[in-house]
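Got chain A; can you put chain B on it based on the hints?
Those sequence lines, one after another, are chains A and B.
Last residue of the first sequence: 937 in this note's numbering, with the numbers rising by one and none dropped.
Last residue of the second sequence: 395 in this note's numbering, with the numbers rising by one and none dropped.
Please note that the accuracy of each hint is not assured.
[Unchecked claim] Ranges between beta-carbon positions, derived for each pair:
| no. | chain 1 | residue 1 | chain 2 | residue 2 | range |
| --- | --- | --- | --- | --- | --- |
| 1 | A | Ala675 | B | Phe268 | 32 to 40 Å |
| 2 | B | Leu270 | A | Leu623 | 53 to 61 Å |
| 3 | A | Pro649 | B | Glu129 | 38 to 46 Å |
Simulated from the structure, these hints should not be mistaken for lab results.
If you're wondering where the values come from, they're calculated on a predicted model, not measured in any experiment.
Beta carbons are placed, not taken as given, at the ideal position from N, Cα and C, and that holds for glycine.
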Amino acid sequence: MVHKQRIIEQETLMIQKPLYSITALFDSPDEIIRAAEKTNNAGYTKYDVHTPYPVHGMDNAMRFKTSKIGYFAFAFGLLGALSAVTFISWITLSEYPLVIGGKPFWSWPAFVPVSFEITVLFAAVLSTLAMIIFYFKFPNNAHPLHDTQYMKRVSSDKFGLSIQAEDPKFDEKTVGEFLKSVGGKEIIPVFFEPEELNHGQKLFDLKFIGVLMVVALSVSAVTYFTFNKFMYMQPFNWMMVQNKLKAQQSSELFKNGIGMRQPVEGTVARGFMPYPFKGKPEDAGKYLVNPLLSTKEVLDRGKSKYLTFCSPCHGNFARGDSRLQGQFPNPPTLHSDKVRNWPDGRIYHVITEGQNAMPSYAPQISPEERWAIINYIRVLQRAQNAKESDLK
Amino acid sequence: MSSQPSSTEYLKKPLPAIINNIGWGILLLGGVCYVLGYLVDARHAAFVHVVNFLFLTSIGVGALFLIALEYIAGAVWSVPMRRVNEFLAALIPIAALMALPLFFHLHDLYQWVNGEIVAHDTVLKIKEPYLNVNFFTIRFVAIFGLWTMFFFLFTQNSLKQDVNKDQKYTKFNIGLATAFMPIFAIGLTIIAIDWAMSLEPHWYSTIYGVYYFSGTVLAGVAAATYIIVKLHEHGYFPQLRRDHFYSLGTLLFVFINFWAYIAFSQFLLIWYANLPEETYWFIARWKNGWEYVSVLLIVVHFAVPYFMLLSQDSKMDLKRLKFISIWVLIAHLLDLYWLIMPSYSASPVLSWMEICFPLLIVGLVSVMFAWKMKRENLIPVGDPKLGRGLEFRL
Chain A
546 MVHKQRIIEQ ETLMIQKPLY SITALFDSPD EIIRAAEKTN NAGYTKYDVH TPYPVHGMDN
606 AMRFKTSKIG YFAFAFGLLG ALSAVTFISW ITLSEYPLVI GGKPFWSWPA FVPVSFEITV
666 LFAAVLSTLA MIIFYFKFPN NAHPLHDTQY MKRVSSDKFG LSIQAEDPKF DEKTVGEFLK
726 SVGGKEIIPV FFEPEELNHG QKLFDLKFIG VLMVVALSVS AVTYFTFNKF MYMQPFNWMM
786 VQNKLKAQQS SELFKNGIGM RQPVEGTVAR GFMPYPFKGK PEDAGKYLVN PLLSTKEVLD
846 RGKSKYLTFC SPCHGNFARG DSRLQGQFPN PPTLHSDKVR NWPDGRIYHV ITEGQNAMPS
906 YAPQISPEER WAIINYIRVL QRAQNAKESD LK
Chain B
2 MSSQPSSTEY LKKPLPAIIN NIGWGILLLG GVCYVLGYLV DARHAAFVHV VNFLFLTSIG
62 VGALFLIALE YIAGAVWSVP MRRVNEFLAA LIPIAALMAL PLFFHLHDLY QWVNGEIVAH
122 DTVLKIKEPY LNVNFFTIRF VAIFGLWTMF FFLFTQNSLK QDVNKDQKYT KFNIGLATAF
182 MPIFAIGLTI IAIDWAMSLE PHWYSTIYGV YYFSGTVLAG VAAATYIIVK LHEHGYFPQL
242 RRDHFYSLGT LLFVFINFWA YIAFSQFLLI WYANLPEETY WFIARWKNGW EYVSVLLIVV
302 HFAVPYFMLL SQDSKMDLKR LKFISIWVLI AHLLDLYWLI MPSYSASPVL SWMEICFPLL
362 IVGLVSVMFA WKMKRENLIP VGDPKLGRGL EFRL
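Looking at chain A on its own, in the form it has when it is part of the complex (with noise of 0.2 Å):
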């Protein structure tokens, strides 16, 4: 109903509303190709044609050009390649530096995943913008195609060709005839509307930015409180929210406000012997004594254990032949006299401290572990190192 008074309408108003274009309607994709090429070799310039699916074939039959919207989204792709990467590199090398994996902090075959998949983000949105803005004319949403029986009948089983009036060859009264002798079969003229007439480029209209603003404050002021107020508005708290103090919190009921404890002097906590040989190596060979005996049960944990964090560097016989292929400085061979001459508590010095390039194994390797593998070390010198009466 809304529709039919609206094209009485339009009748009634055909004098006062300038004309738009001349448009028909076609049966079959076959019948619009051939109207497109006809149209194109009559010398229209200005026209379209609208089908409810890509028919294929018409790229050729209008003698389009090469679009050059592929140039347009390669920029658009090789600018999210480079924001990522400039991004990602920010990231890595000042802003939160952090060892992954003990590899270098600019470590390029890690961003490549992340800056390819902003790379196709940037040129697919980018260019759908763009498209937007420059022929659409965003933010104006009005065509006069819009709206149209022409419109409705092309969306769903017609295919449409449109001659406009802005054509240098358009002729009103001849262009009917026209598109009815290249098998038009209803030939339907469209009007501009009163709002369509005006629609030069408003991106920067201070009213849409205006309006685009107020969007965004909503938007975001909505989200802040639905979730940040509104979602923690429970009526059970079903236990998340107790009177204890957690890692890292502060509190008032202690004078310097920090909620975790040291210990009190002069005590240890369980299981948290702390070491009183720090920076005294020759103290630690002299007053430590290993505990374990060498069993077969010590030796096979002090193996397994040596073989997982020591043998890396060290090499699998303590020659000190590494297997990091020059990625970490080689450490010296254990055999040397120097070491097969420390007492056992100077050795268990080195795991837990280190030395020169050796980080402290103390997180890693347990009191008790280190013994063994001092014992398993033991037992490599003395392989390399065999007495006479090993021999027998």
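Chain B alone, transformed into the frame defined by chain A:
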């Protein structure tokens, strides 16, 4: 489209005799190279022979894959050019013949053939039930047997259709293509693992088969594209238009990207995990001069063809298509060289063998085409989709 297919206008036109003669010349020259190579340095010759055997397999099986893909996807645009792929697929039994001399040189190529090494190597001992000469031969015979069978079934149906124009052959081939696809995928993976990956039998990569697949299809598309464009220029495919060539160019472009995607995926995972038993494969390809070959591979196999085919116009430019398809074929040869030769020598080798062994393949393809085009129609005149294929528009 309602217009009549121009199948009735098709006249069979054999290739000029000179192609056959030159082809035989190159073929013989290549054959002499192989004999000389084996006399001079049998171990080196065997490694280059594997490179070229896998190269020929790539072209043949890649072409057969494209035929099956056309049937299974119901593609229309490629129907007029399908015979080129059918002719190329005839290289599959020839590739199997080409591999026969290699069976006398397995001990030169593969560590796992040597019983003494296997006896002292825990990993190889575990892999022995798979990696042993008997099972290796069985797999080779089974896979090439199956592929050859599918090649004969596909092409015989297609040829019969030329005469009686019966649609049932297309239907039969669609069923055949469905059965072929998994056999193709598993077979190609096994061939890649057996002939190339087991050169370094301690190393393994689960994406290796896919990696070889990407190169295979690329080689198949490139060989077909070059031949189609060349034939079109000499008046053999007068009905083909830029729409067909654009589709060929797009397919090339797709698989250039796919190769880079797979190659990088393999690298990224091994680089990230950083396990010594995996990384040494890449480290071997990143020292003693192999690093230059690796960089060259990225440039030749990805960067150059990518930018040369990026724009829409370049995919329809016949000269460029011809150039890039030859380029891609050479890139695939370089890819196989990079995969296989580091197990022969710690630093890159380039002798007369690497240069003149591929001549055999050039000769084989020329002779094969001259022979096939004398006997068979270049266009599948009985195919029900031919008319629509010729009318194909973008």
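- Query: Does the Cβ distance between A:Ala675 and B:Phe268 fall inside 32 to 40 Å?
  - Reply: With a Cβ separation near 35 Å, A:Ala675 and B:Phe268 satisfy 32 to 40 Å, so the hint holds.
- Item | Range hint compliance [Cβ, A:Pro649 to B:Glu129, 38 to 46 Å] | Holds, since A:Pro649 and B:Glu129 (Cβ atoms, about 40 Å apart) stay within the stated range.
- Does the Cβ-Cβ separation between B:Leu270 and A:Leu623 fall within 53 to 61 Å? violated, 27 Å
Comparing the model with each earlier hint shows a violation of hint 2 alone; every other hint is respected.
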